[in-house]
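Asker: Each chain, written out:
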Amino acid sequence: MLEVIGLSKTFGGLKAVQDASLKVDRGEIVSLIGPNGAGKTTLFAMISGFLKPDSGSVRYGGRDLVGMKPHEICLIGVVRTFQVVQPFANLSVRENIAVGAHARIRSRADALGRAAEIGRRLGMGKMLDQPAGALTVAGRKRLELARALATGPDLLLLDEVMAGLTPTEVSEVVNLVRGIQEAGTTILLIEHVMQAVMSLSDRTYVLNQGRMIAEGTPKSITSTPEVIEAYLGHGAAARIAAQGGGGA
Amino acid sequence: MSERARLMGWALLATVLVLLPFGVTSGRWIDFVELTLFVAVMGQAWNILGGYGGQYSFGHALFFGTAAYIQALLQFRYGISPWVAMWFAAAGSIAVGAFVGYLSFRYGLRGSYFALITLAFAEAFHVLARSLISVTEGGRGVQLALNQDPERAIATFQFTFAGEFLQAYGYYYTILIILLLAYAATWWMERSRFGASLMAVRENEDAAEALGINAFRVKIGAICLSAAIMSMTGVYYVQKFLFVDPGIAYGPSKSVEALFAPIIGGLGTVLGPLLGAFFIHGVGEFAKEAIGAVWEERPGVDLILFGVILILVLGFLPRGLVGLLDTAWRRLTGGRGGHA
Ligand SMILES: Nc1ncnc2c1ncn2[C@@H]1O[C@H](COP(=O)(O)OP(=O)(O)O)[C@@H](O)[C@H]1O
Ligand SMILES: [Mg+2]
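Residue numbers (this note's numbering), protein chains in the order written: chain A, 1251 to 1498; chain B, 93 to 432.
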């Protein structure tokens, strides 16, 4: 469904993403993990048209998304959320979600109706008439998800929608994401919360310092030496292996 | 306030304004209201782009002046009917709006850059109007012939010799009709997909784009609608005063009047510009009267008072007078208000 081929992006001298590739098949939940600053958000921004890659291509439904505008990419079914939430602060929650719904619905009344429906589905029924600016962090994260979902996407790119949530909230959102996937939307998510990554993903990619260093099932990923090194520092894999050996 | 209550409020207000000439016989009061409505239309034009779209223009005179010149010159040079000329006036203003919008929005100019671009364009047109003498008559301005034939009052869109009623109220009703159309358009816009997109772009352009909104197109749409409404004030002005010159057309005063009313009244609300216009003119008149009575002949004192009130409003009423009304309504009804 989505195929990212050899994307690279440099900021000044900093190679934020280097020759990164990944694939997402229809119906999957694929996760993208990696330490802070690895280039995950930058990769999302290139897929969704917010940043132009220096090289590489993004294949989706037979076309190359590189060079397309974000709104065009949204309208063909690929929608991102923002890690740093971007609510329409002076609009109500309902109006916020309706902006997304308008991507497919012209009528104002129908879009507002659809917004309420999606808001309730995501557990925001009580907040529909609050201004988005008054929401808590958890509320704002959920609003990002609701707005994106309201556009009727085929592929959702979720950038750390669970960051900063309590464990209870995380498991709620995990269930929501599962529900969205079951309703037919394919999902690529960036996530640090490993509980969520492990329980949701069919496959996982690991990005480190701009490079894709591993790919596989979430289980197999956590035992890959490169991944352990990326997270825990140089030599960690060897130390863990040594400890494991000592215990046996 | 519920949607129905709001519509009723507007219907009531419109009725009062339509019937005003039958109740108020003082010409001075009618003039006061007429001038207020003129500013309220300019304010709404500005509000569509600035209040709903978040693009603050400092050069709305561009659209007033371009329409005024087209309206005047087509009659002056070619004897074209004012009723035909007004369509060209609107089209000319919209074209200027689209052009300025294209240049600004294509290159992502926002905030103070957009304000400066519009200001610069208004100044450039000011200079052009002054120097392209063969087209615009330069600094002398364009003076239209006064029609003295009552039979042709409607045909010439001039009410000076149009019989008792039209003579007194023709221009009042002209600006009132423009106002009602402009405000109905804004009301509609606020409840449309276009309006929702425009407000989304104002709030956060990146998020709007991510949700499928073509921010560039939406902003171009807003500046064109804004220019179209502003153009009608130019048409009204020329038909009323039969005169336009570079200073009137493109000087800063129209640009400033257009933005004060909605800022004081309440940005991004239908009612705001009208409230703001009444407040500004009310205070202006009051200041002239009151201060004149105490000190006599102190030119400028009213302007100082006006400035102080402006600062107070801006400092203490972030949502303008509409915000104040909204809060008052909530207290009164004890229920939820909702923005007017
Ligand atoms: N617009 C930008 N300009 C300059 N540097 C940037 C920009 N965006 C991201 N970076 C840098 O690129 C690197 C990757 O950032 P990011 O993609 O946000 O990482 P992640 O999402 O994996 O934490 C970081 O070092 C970050 O500072
Ligand atoms: Mg990130």
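No lab work stands behind these hints: they were computed from the structure. Take the hints with a grain of salt, since some may be wrong.
As the list claims (entries may be wrong) - Residues from chain B shown here face chain A by an in silico Cβ test under 8 Å; the list is partial:
{"no.": "1", "residue": "ARG202"}
{"no.": "2", "residue": "GLY203"}
{"no.": "3", "residue": "ALA207"}
{"no.": "4", "residue": "ARG283"}
{"no.": "5", "residue": "ALA288"}
{"no.": "6", "residue": "SER289"}
{"no.": "7", "residue": "MET291"}
{"no.": "8", "residue": "ALA292"}
{"no.": "9", "residue": "GLU295"}
{"no.": "10", "residue": "ALA299"}
{"no.": "11", "residue": "ILE305"}
All values derive from a computational prediction rather than experimental measurement. All C-beta atoms, glycine included, are put in the ideal place defined by N, C-alpha and C.
Asker: When the hints from earlier in the document are held up against this structure, which numbers fail?
Answerer: 1, 2 and 3
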